[in-house]
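Participant: Please arrange chain B on chain A, whose structure you already have, making use of the hints.
Listed below are the residues making up each chain.
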Amino acid sequence: MQQSPSKKNRIAEYKELIARITPKSKVAQGCLRAFWVGGLICVFGQGLIDLARGLWGLPLAQAGTLASIVLVFLTALLTGVGVFDQVAKYAGAGTVVPITGFANAMVSPAMEFRPEGWVLGTGARLFTIAGPVLVYGISASVIVGLLYYFIHL
Amino acid sequence: MSIPNRMGHQTLVYRTRPRIAASACAAGPREAQGPLGERFDLVAQSPDFGQESYEQAEVALLREACRICLGKAEMGEKRVQAMLGGDLLNQIMPSSLAARSLKIPFLGMYGACSTMSESLLVGAMLADGGYASPVLCTAGSHYATAERQFRFPLEYGNQRTPASQWTVTGAGAVLLTAAGEESAVPPLACLTRGCIGRIVDMGVTDANNMGAAMAPAAAATLCAYFDDTGESPDDFDRVITGDLGSVGSHLLLEWSEKMGHPLPEERMMDCGLTIYDPGQDSHAGGSGCGCSAVVLSSYILPKLQSGEWRRVLFMATGALLSPTTSQQGESIPGVAHAVVIEGVK
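So the sequences go chain by chain: A and B.
Counted from 1, the first sequence has number 95 at position 70 by my numbering; the numbering is strictly sequential.
Counted from 1, the second sequence has number 96 at position 94 by my numbering; the numbering is strictly sequential.
Just so you know, these hints were derived from the structure itself, not from any lab.
The beta-carbon is built from N, C-alpha and C at its ideal position, and this holds for glycine as well.
Take the hints with a grain of salt, since some may be wrong.
[To be verified] The calculated DSS-like cross-link candidates involving lysine-lysine, where the alpha carbons are at most 27 Å apart (straight line), are:
{"#": "1", "chain 1": "B", "residue 1": "Lys105", "chain 2": "A", "residue 2": "Lys32"}
{"#": "2", "chain 1": "A", "residue 1": "Lys114", "chain 2": "A", "residue 2": "Lys32"}
{"#": "3", "chain 1": "A", "residue 1": "Lys40", "chain 2": "B", "residue 2": "Lys74"}
{"#": "4", "chain 1": "B", "residue 1": "Lys105", "chain 2": "B", "residue 2": "Lys80"}
{"#": "5", "chain 1": "B", "residue 1": "Lys260", "chain 2": "B", "residue 2": "Lys74"}
{"#": "6", "chain 1": "A", "residue 1": "Lys49", "chain 2": "B", "residue 2": "Lys260"}
{"#": "7", "chain 1": "A", "residue 1": "Lys49", "chain 2": "A", "residue 2": "Lys33"}
{"#": "8", "chain 1": "A", "residue 1": "Lys33", "chain 2": "B", "residue 2": "Lys80"}
[As the list claims (entries may be wrong)] Only some residues are given here: those of chain B computed to face chain A with a beta carbon under 10 Å:
{"#": "9", "residue": "Tyr56"}
{"#": "10", "residue": "Glu57"}
{"#": "11", "residue": "Tyr158"}
{"#": "12", "residue": "Gly205"}
{"#": "13", "residue": "Asn211"}
{"#": "14", "residue": "Val249"}
{"#": "15", "residue": "Gln282"}
{"#": "16", "residue": "Ala286"}
If we strip away everything but chain A, and leave its shape as in the complex, we get:
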């Protein structure tokens, strides 16, 4: 769309006004909360790994898988009972970045679209949030894997 210079000026002026008036997110507070809650989740995961290795003598890879399973299960449970979003509201990236964020991104649409049925609701919409992460995460890992293979040939 072609815009006259005066209209362009007014839009620029309005953008400045918005920037001045709109309250900003509290970044420092957000970082601090994300750090301590996210850190606590990671400490809990590490504790699970140590426990699995020390108590049952599991190798590191399997102990790590066990920790992931427990964290995913707990997140799914907390999402189901409506607690997780309250924690996430406080912690922000602190719950998004660990595997808990991924679990929540899968379970919440599964619940949300249940009224539309198992196939076209839950089934079709399960990946609405996590889908892009899977697509680009897996694609990137394939590319890195290929590069790694050819470099070491």
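Facilitator: Just chain B now, with coordinates in the frame of chain A:
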């Protein structure tokens, strides 16, 4: 050729002053905890309102608001000649389903959150022109259905920005009658003028700052009305906006001044800032079609009926956001329609 009921470029005059015979609203539990909670005609005890889905809950809120409104006016559904209404969902399905059970001839309206004043604006034309009376005007919205259509699943853990607003779960209904129509109850108020809003887009793309997208449209409609009629904000007890919220209301004051029509802050009121307490964590305020509809019925019309206010400009504001074009990079067009409501005392 001159258009007899027209005043200036955008304003129209209802010469016969159609009456508001009755109004009603139904809202959710969160809204009931707000400052207007005790004035609602019906409060849903849970957000699902005992229905199988939130969409059905929205239908039920709309339907019940209409039924209570007709009950107050002692008016049978069969006597109502037209129903005008809308909501935020695709194909305005909740309104169509509510109209399905009411069996009143139905015209669907869509103006996003400006729908309540759009319905009144057109409904009053029908009543004033002698085309239909009584006319039922409605609008409604639901937090959970709007979230899933425009944002994220309810249980998804994310943070809202400070400028974001909270969609009101609620519906309002207003029954209009032509001036000569026999009525069982005394009228609450009457409609005297309307102003059809232009779509104004100042390039806002942030869907979490709807107030910023709507404020220029609100300013444009106010300027058009004041230019067309020669009136000023001092001619009103309140100039009422729909759901600009704290950010949009502030922007409106600054932008109107820039456009040459300064607004006195003490005469301004925003429904989005009225419906919730600041402590209710709704960030910049309430929004949604139901916001202005519920506040109109529970707060504004009673003040006009009691004579505390004599004349208000009621202007619901809409951000015409579509998730599809928004993702394609298109900005958010805003619109605001105004009606002048006057007391009959």
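Participant: Each of the hints needs a verdict: does it hold here or not?
Facilitator: These are the hints, each one checked on the structure:
Under the criterion of a C-alpha separation no larger than 27 Å, the hint pairing Lys105(B) with Lys32(A) is inconsistent with the structure, at around 47 Å. Taking the CA atoms of Lys114(A) and Lys32(A), the gap is about 39 Å. The hint is violated against a cut of 27 Å. At roughly 47 Å between alpha-carbon atoms, Lys40(A) and Lys74(B) are farther apart than 27 Å, so this suggested pair is violated. Pair hint Lys105(B) plus Lys80(B) holds up; C-alpha atoms about 8 Å apart against a cutoff of 27 Å.
The straight-line distance between the Cα atoms of Lys260(B) and Lys74(B) is roughly 44 Å, outside the 27 Å bound, and the hint therefore fails. With a C-alpha separation of about 24 Å, the suggested pairing of Lys49(A) with Lys260(B) holds against the 27 Å cut-off. Under the criterion of a C-alpha separation no larger than 27 Å, the hint pairing Lys49(A) with Lys33(A) is consistent with the structure, at around 25 Å. At roughly 53 Å between alpha-carbon atoms, Lys33(A) and Lys80(B) are farther apart than 27 Å, so this suggested pair is violated.
Against a cut-off of 10 Å between C-beta atoms, the interface hint on Tyr56(B) holds, since the closest Cβ of chain A lies about 8 Å away. The restraint placing Glu57(B) at the interface with chain A holds, with a minimum CB-CB distance near 8 Å, inside the 10 Å limit. Taken as an interface hint, Tyr158(B) checks out: its beta carbon lies about 4 Å from the nearest beta carbon of chain A, inside 10 Å. This hint holds: Gly205(B) has a C-beta 5 Å from the nearest C-beta of chain A, less than the 10 Å allowed.
The criterion of a C-beta within 10 Å of any C-beta in chain A is met by Asn211(B), whose closest approach is roughly 6 Å, and the hint holds. The interface hint given for Val249(B) is met, as the beta carbon of that residue sits about 5 Å from the closest beta carbon of chain A, less than 10 Å. Given hint, Gln282(B) at the interface with chain A, is violated; its Cβ is 14 Å from that chain's nearest Cβ, farther than 10 Å. For Ala286(B), the interface hint holds, the least distance from its beta-carbon to any beta-carbon of chain A being 8 Å, beneath 10 Å.
When the structure is compared with the earlier hints, violations turn up for hints 1, 2, 3, 5, 8, 15 and for no others.
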